[in-house]
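There are 2 protein chains.
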Amino acid sequence: MSFLSTVGASLKEHDADAALISFLPDIRWACGFTGSNGLLFVRRAAEAAGLEAHFVTDGRYTVQAQEEVTEATVHVPGYQLFPYLVKEGFFDGIERLLFQADHVSVAQRDTWAGQTADVRWIGAQEILTRAVAQKTAQEIEHIRAAQLITEEVFSFLLQHIQPGVTEREVAAQIVYQHINRGADKLSFDPIVAAGPRGALPHARPTDRPIASGELVVIDMGCFLNGYASDMTRTVAVGEPGKEARNVYATVRRAQEAAIEVARAGISSDALDAVARDVIEEAGYGDFFSHGLGHGLGLQVHEWPRLSYHVSYPLPADAAVTIEPGIYLPERFGVRIEDIVVLRDSSCVNLTTAPKNLIVID
Amino acid sequence: MSFLSTVGASLKEHDADAALISFLPDIRWACGFTGSNGLLFVRRAAEAAGLEAHFVTDGRYTVQAQEEVTEATVHVPGYQLFPYLVKEGFFDGIERLLFQADHVSVAQRDTWAGQTADVRWIGAQEILTRAVAQKTAQEIEHIRAAQLITEEVFSFLLQHIQPGVTEREVAAQIVYQHINRGADKLSFDPIVAAGPRGALPHARPTDRPIASGELVVIDMGCFLNGYASDMTRTVAVGEPGKEARNVYATVRRAQEAAIEVARAGISSDALDAVARDVIEEAGYGDFFSHGLGHGLGLQVHEWPRLSYHVSYPLPADAAVTIEPGIYLPERFGVRIEDIVVLRDSSCVNLTTAPKNLIVID
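Same order as they appear, the protein sequences are chains S and D. Following the working numbering, the numbering of the first sequence begins with 1 at its first residue and continues without gaps. Following the working numbering, the numbering of the second sequence begins with 1 at its first residue and continues without gaps.
No lab work stands behind these hints, which were simulated from the structure alone. Being a predicted model, the structure only gives us computed values, none of them experimental. Some hints here could point you the wrong way.
To be verified - Simulated pairs of lysine to aspartate or glutamate, DMTMM-like, Cα-Cα distance not exceeding 20 Å:
hint, chain 1, residue 1, chain 2, residue 2
1, S, Lys-185, D, Asp-189
2, D, Lys-185, S, Asp-184
3, S, Lys-185, D, Asp-184
Whenever a hint applies, use it, and build me the whole structure from the sequences.
Following this line, the structure appears as structure tokens:
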């Protein structure tokens, strides 16, 4: 569904005359603007049954907005954006205005509402969330391109990790190699967690040298053309031993079982359960301490969640991560994460890095 | 002023019984917690005239919260944080609850308020802002330590920048060198803007090779122990020519003039004007297109702003940047930025990197 028809459906649902979209990732998705300041105002078109969109930004983005913005008329006032909309009469005749209650602070709403005395401000959540989740073919190519950089970096790391290298040195290489290969930025601070540090799902890299026989959890991703990649691989530096191999095989089986059944329409908790059952049957059920995955796109974490906490059906064409893990406190951890796109009867895996246990000698 | 007495003053001002602090940088400042999920609840102590603080976080942070948190009782419920506060009776008898209206979304406030039927939610802005701005000696040492890494990276760059190197390669080195030297992360995406790109104050690094005779604006910083560094230097790669030298000298004079008079009590716009006057007198007044600087600490951009837009007196013991610039469209730009700490009669400069025009041959 297009941006305008999605907003139109929300206007109808809330019996509103106009909508103010202020959350920047949503603005980017809706009209293409990539800068850091802007407001998107949607109202019924003056002379037709349809809707019209107006985008307002500041003077830093005069040229950029003209180049980037589609589906909206661009305005670049010489002063603040919201007062411009007021002064130019955009709120005249508006009785009920929809705004993004999940992205606007109470103070911001009060400031804005104070300038539009006759307008009733109607807060709505997730106005564009479901539409944003459904990725176009081009968006999927953007995610794939970002993911390709991450996989190149993974190949590089396999040549450079060895006993004695610190987690921090590996993390520094991860950022350097991503940016030098063309990434706009990292999509989150990379996780490099060796040995017992691997048992912390969100460990920060330390100055701890990686020792022979340890597993190393590497979770990393970047933004390219605005879209995120995200991948976790767990590698062994030297022979990790029998239980580590068993845990690795369990996580891999769980991850592949979930990918096998992942598709549009399956409920979030049911998909989570497919992976969780494998881990529970292997006796590690207490050690998979997070949900199965998350949507990603212009944000590295988006709706939908893949989790035992939520039971909605997963949407078609969403890009989501599948990332089960087992974390044995003070011993080691294993996580394996791919990005898949949900289709009607199956999913497409965007991640091509190998999933066998790689032992770096 | 301590955290509790600051909140106490706000409670008194708003005639409130308790306060909910939810903005993570403020929570970190108030009680030391560095994790990503928590709520800090302050109420009158049961048996004394004073206040008591309760900190709630989730099971991922059981050990960390016990180690880090001071001045608050730590609670780690097995379920969601806010419902725990409700269930444990923290809102019983509370008539007016202060919350951070500038950091809580309308949807979040509505969700919370829906669980506390008898409580009136009173939104206040900048509850801790002024207290956070006044840095202790230890906080200043943290900023200085982060800044030291940034200056080491600058020295490294001077050895590695040469004609033909791309902006992107320099940016990749900036992140690698910071993290490898111990930084937790970068405090913002580094700016490396050569030649005409330097005329864009917030240019993103491109694949453009740096040419001989060009100025290069380098703006970078990191977080260490939670505190930010931030420094801009402009260097020449080969002889830049007479006008570039003149512009550089003008920006340097403007920056040094502002530092000369920077102190607690001077108004923000008056300090901005000291630098702006130098640039205007040199004939470049139209090309200094942003404010003079900003506070920094646990966030890289904090209150106070240093700008012609605001006229409040600057607070004692704040760490602020002083960063005038001149940007000649499609030609080149120059910016020089230091961090200073405002004292009663002068300021202390935390930045020690040289400010003469460095020409890399």
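For this structure, which hints from the list above don't hold up?
-> none
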